[in-house]
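S.K.: If you want the building blocks of each chain, they are given just below.
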Amino acid sequence: MFGAFRPTSALFGGLLWKRPWRISRPQKYRQRQRLQRIDRIVDTIESALAKRGMTSQAVEVWKAEMPTESEMPPRDKYTIFDKKHKGYRKGIHKLPKWTRVSQRINPIGF
Amino acid sequence: MASLLPLSRRLLLRHTPAASILSPPLRLLPRPLAAIRHASTSPSQTTQTPLPPLLRPANPPPAPSTTASDPPIDLTTLQTYHTALRHQPPFYTTIHIHNRCYLVTLGDRITLPAVLYPPRNPANPLNKPLAPGDTIKLTHASVLGSREYTIKGTPFIDPRLFTCRAVVVEVTAEPMRKKEKTKRRQRRVKTVRSKHRYTVLRISELAVNELPVEFTAAGGAAGPEITKVVKEG
Amino acid sequence: MPFFKVTLIRSGIGLTHKKLGVLKALGLRKRMRTVFHDVNPAIAGQLMKVKELIALSTTDKKLSRRQMHEKRQPPPGFVVEKSRLVEGEGKS
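Residue numbers (UniProt numbering), protein chains in the order written: chain A, 1 to 110; chain B, 1 to 233; chain C, 1 to 92.
Please note that the accuracy of each hint is not assured.
As the list claims (entries may be wrong) - For the chain C half of the interface with chain A, some residues (derived, Cβ under 10 Å), not all of them:
hint, residue
1, Gln73
2, Pro75
3, Pro76
Stated by the list, open to error - Computed cross-link-like contacts, EDC-like style, restricted to lysine to aspartate or glutamate with a CA-CA straight-line distance of at most 16 Å:
hint, chain 1, residue 1, chain 2, residue 2
4, C, Lys62, C, Asp38
5, C, Lys49, A, Glu60
6, C, Lys49, A, Glu71
7, C, Lys5, C, Asp38
8, C, Lys5, A, Asp43
Keep in mind that the hints were calculated from the coordinates and are not lab data. For every residue, glycine included, the Cβ atom is placed at its ideal position computed from N, Cα and C.
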């Protein structure tokens with residue numbers, strides 16, 4: 001029963017996935033908060049520059065390309081494109097360092 | 001006063017801040033409510049008399065953060081109850097020194113768990129700590145009251161409303177504490193020494209000032225919204 | 001003159017060397033470190049690089065670390081009225 005060869009779920013089934021396949025409701029909530037916080041930061045930078053009559057390319061490119069949290073569909077908030085997955089989508093929590101990187105847009109049509 | 005005396009005696013004996021004398025459930029109360037319990041230590045006050053409609057109910061008072069947005073209190077009311085409070089010595093007050101609160105009355109000895117350094121002052125460039133014999137004036141009080149009346153600050157009472165002075169009686173230290181620290185399977189013994197230093201103050205003056213002109217209804221152009229007067233039950 | 005007030009609230013551990021370099025250039029060595037920077041496009045570009053890791057606001061005044069520390073302190077609650085030390089200095 002005990003020892004090196006005791007039956008564990010990993011040994012029984014071969015594979016054990018420790019990351020759940022979907023993210024929980026509080027995780028989704030915190031993800032929205034992070035997205036909104038980044039939106040606020042970009043707005044702060046833009047307005048501070050605008051007060052001094054300046055612009056920044058990085059800000060303008062971001063504004064042109066990236067949707068804000070309210071503009072994003074839930075699909076994009078909580079899942080990302082993955083060519084190897086069934087349905088071409090997997091949970092955003094599978095993305096390495098997902099709480100510290102921006103991942104907002106996905107290929108059109110997927 | 002009879003109600004406050006045992007409290008001060010215990011203060012003397014145990015050398016602890018007044019807040020820590022309270023039993024744990026009382027300490028967990030939000031501060032305003034706890035302040036009320038402080039005030040009503042005498043058993044005769046346990047029966048609550050119905051409050052006149054003019055007065056704000058004593059419990060539950062709003063938390064300090066919300067009272068800041070309260071409208072300024074009626075200056076006439078403040079004047080009435082301030083006069084009543086002034087003519088009812090002895091007083092007690094809750095003073096705040098470096099964010100620690102101490103409920104004190106005249107003659108109390110309080111032991112602070114530190115060596116007190118005065119606020120930065122060009123007259124004292126070396127910034128030496130307070131020494132025995134120094135007099136300090138306490139400026140931050142959250143509660144000022146007598147047997148029946150209490151002024152509560154939001155969060156502090158205007159320093160013009162009261163005078164509270166203290167004398168540094170003693171700057172002392174506890175006996176050196178030694179604690180031997182050992183690890184398993186090792187002969188080495190580490191001795192940790194600690195010797196905390198204390199400052200002992202005596203409250204030498206506690207008085208309620210006359211109401212400054214700005215607070216009276218006649219001179220109160222800029223309505224001060226610092227205080228709130230409640231009558232204890 | 002406005003300044004960006006930047007606080008690092010998420011660590012840069014494990015991120016790309018480019019982002020770590022930006023954090024270093026901004027002076028954000030460890031979490032909860034607050035720095036002030038001028039408002040200009042160069043700084044804005046740097047902030048955009050690490051926007052996921054920081055908290056940002058604009059202020060009119062640049063504070064030193066000591067000033068920020070003193071702002072957090074509670075009031076001492078007393079003033080010295082009579083001190084042997086101060087009196088002695090006054091007489092001499």
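S.K.: Against this structure, judge whether each hint is valid.
M.R.: Structure-based check of each hint:
1. Gln73: Violated - the Cβ of Gln73 (chain C) stays beyond 10 Å from chain A, reaching only about 28 Å at its closest.
2. Pro75: 31 Å, violated
3. Pro76: For Pro76 (chain C), the interface hint is violated, since the closest Cβ of chain A sits about 35 Å away, which is over 10 Å.
4. C:Lys62 <-> C:Asp38: 9 Å, holds
5. C:Lys49 <-> A:Glu60: 13 Å, holds
6. C:Lys49 <-> A:Glu71: Distance of about 22 Å is beyond 16 Å: violated.
7. C:Lys5 <-> C:Asp38: It holds: about 9 Å lies between the C-alpha atoms, which stays within 16 Å.
8. C:Lys5 <-> A:Asp43: Given that 16 Å is the threshold and the Cα spacing comes to 14 Å, the pair holds.
In summary, the numbered hints that this structure violates are 1, 2, 3 and 6.
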